[in-house]
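Hints in hand, dock the two standalone chains.
Quick note, the sequences are listed as chains E and V, same order.
Heads up: the first sequence begins at 1 in the working numbering, then just goes up one per residue.
Heads up: the second sequence begins at 1 in the working numbering, then just goes up one per residue.
Just so you know, the hints here were simulated from the structure itself, not pulled from any lab data.
Since we're looking at a predicted model, the values are computed, not measured.
Some hints here could point you the wrong way.
[Said to hold, decoys possible] Dumping the calculated BS3-like pairs for lysine-lysine here, alpha-carbon to alpha-carbon at most 27 Å:
id, chain 1, residue 1, chain 2, residue 2
1, E, Lys53, E, Lys70
2, E, Lys57, E, Lys11
3, V, Lys42, E, Lys11
4, E, Lys70, E, Lys57
5, E, Lys70, E, Lys11
6, E, Lys57, V, Lys42
[Said to hold, decoys possible] Partial selection, computed: residues in chain E whose CB lies under 8 Å from chain V:
id, residue
7, Tyr31
8, Gly42
9, Leu43
10, Leu45
11, Phe90
12, Leu94
13, Asp101
14, Thr102
15, Gln103
16, Tyr104
17, Phe105
18, Gly106
19, Pro107
20, Gly108
Here a beta-carbon is modelled for each residue, glycine too, at the ideal position from N, C-alpha and C.
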Amino acid sequence: DAGITQSPRHKVTETGTPVTLRCHQTENHRYMYWYRQDPGHGLRLIHYSYGVKDTDKGEVSDGYSVSRSKTEDFLLTLESATSSQTSVYFCATLTSGGSTDTQYFGPGTRLTVL
Amino acid sequence: QKEVEQNSGPLSVPEGAIASLNCTYSDRGSQSFFWYRQYSGKSPELIMFIYSNGDKEDGRFTAQLNKASQYVSLLIRDSQPSDSATYLCAVSNTGNQFYFGTGTSLTVIP
Numbered sequence: 001d002a003g004i005t006q007s008p009r010h011k012v013t014e015t016g017t018p019v020t021l022r023c024h025q026t027e028n029h030r031y032m033y034w035y036r037q038d039p040g041h042g043l044r045l046i047h048y049s050y051g052v053k054d055t056d057k058g059e060v061s062d063g064y065s066v067s068r069s070k071t072e073d074f075l076l077t078l079e080s081a082t083s084s085q086t087s088v089y090f091c092a093t094l095t096s097g098g099s100t101d102t103q104y105f106g107p108g109t110r111l112t113v114l
Numbered sequence: 001q002k003e004v005e006q007n008s009g010p011l012s013v014p015e016g017a018i019a020s021l022n023c024t025y026s027d028r029g030s031q032s033f034f035w036y037r038q039y040s041g042k043s044p045e046l047i048m049f050i051y052s053n054g055d056k057e058d059g060r061f062t063a064q065l066n067k068a069s070q071y072v073s074l075l076i077r078d079s080q081p082s083d084s085a086t087y088l089c090a091v092s093n094t095g096n097q098f099y100f101g102t103g104t105s106l107t108v109i110p
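The shape of chain V in the complex, shown without the other chains (with noise of 0.2 Å):
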């Protein structure tokens, strides 16, 4: 069983903080790693990847790696409220298949 768990939240923090989730996973053949942001009753959309240890930014977001501790996390500086949303990890192997954690709830409140 390939697992991917998140802390399911709900996290909230306030307008301009720093939110911060976290992701483990089981399997050390895992090879990308993906965050999705998923609004009430729409699909998920992609965030970011991340492939190598290490941190990557991408505007306001930065995903960190640690496969050594299978452990992958997204920081979103400066929240707003429109990143109020459910986020999901995913991981991939070579065979081209994702498992996703079940989602974390953020909310930001204003």
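Just chain E, same shape as in the assembly (with noise of 0.2 Å):
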């Protein structure tokens, strides 16, 4: 258990409308990241940073922007929400040590648009 917490685990909302998912998590870690998840697709990165202020693109960012202003805060934003974000999003971080990175992950969030 990584101590990763989402907020909030469901939202339902309007097309066209901004939303922020937030990922907090407790044990220091550096690295933080945000998936989306939908059938047919498995796990596609949207974004992640590796530091405060530092956050670089994923595969599928577009629509999606972030911000990480503390080490334990990892902020996601749907700048104008629409029905193809409607989705499952997971937050996840890196433990480093031992013989190898590994990530792990959150609870999840479920966002509809409607």
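Here's what the structure looks like:
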């Protein structure tokens, strides 16, 4: 358990509204990630962060922005939600040490855009 | 495009049998390889990882890696109904980015 929480856990919103999802970790991990998971597509990386204020895009970053002002918090913002962004969103952190670095996941946020 | 391919299944095995899950990857620069288990409606949880060619055993689970063939597999011995889940294969590179397959659905029949 990497001490990751996500909020909200469920959200229903309307097309065109901004939405912010929060990921909070208690382990002081440097790397944090946002994924979306859709049937038939698996987990796809949206954005990731390698430190405070240091972020980079993943393979499906269009329509999303992120911010990381503190080590423990990584925010994902849908600037103007669309129905195609209906998905389950997972946050993950990277645990370093031992023989390899490993990702651990938060509980997920189920987002529905009507 | 860094691709990770898995047979989506569903794979059904009787209780007590060996379940074999397979994964291929396209990026020869991949460094580490992971198997995650995901129950319906839950987040992925790490089962095990491997980074050297050969076999790695952890309880009922064995991961096998063949970098020359770009192939990684997971064997589950003495399969239990509680093993019924979707299994995700993931690979990572030196840039700490992870790439996931779409998962294989496993059903263990009592």
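Here is how each hint holds up against the structure:
| no. | hint | in the structure |
| --- | --- | --- |
| 1 | Lys53(E) with Lys70(E) | holds (8 Å) |
| 2 | Lys57(E) with Lys11(E) | holds (24 Å) |
| 3 | Lys42(V) with Lys11(E) | holds (16 Å) |
| 4 | Lys70(E) with Lys57(E) | holds (19 Å) |
| 5 | Lys70(E) with Lys11(E) | holds (24 Å) |
| 6 | Lys57(E) with Lys42(V) | holds (25 Å) |
| 7 | Tyr31 | holds (6 Å) |
| 8 | Gly42 | holds (4 Å) |
| 9 | Leu43 | holds (4 Å) |
| 10 | Leu45 | holds (7 Å) |
| 11 | Phe90 | holds (6 Å) |
| 12 | Leu94 | holds (6 Å) |
| 13 | Asp101 | holds (6 Å) |
| 14 | Thr102 | holds (6 Å) |
| 15 | Gln103 | holds (6 Å) |
| 16 | Tyr104 | holds (7 Å) |
| 17 | Phe105 | holds (4 Å) |
| 18 | Gly106 | holds (6 Å) |
| 19 | Pro107 | holds (5 Å) |
| 20 | Gly108 | holds (5 Å) |
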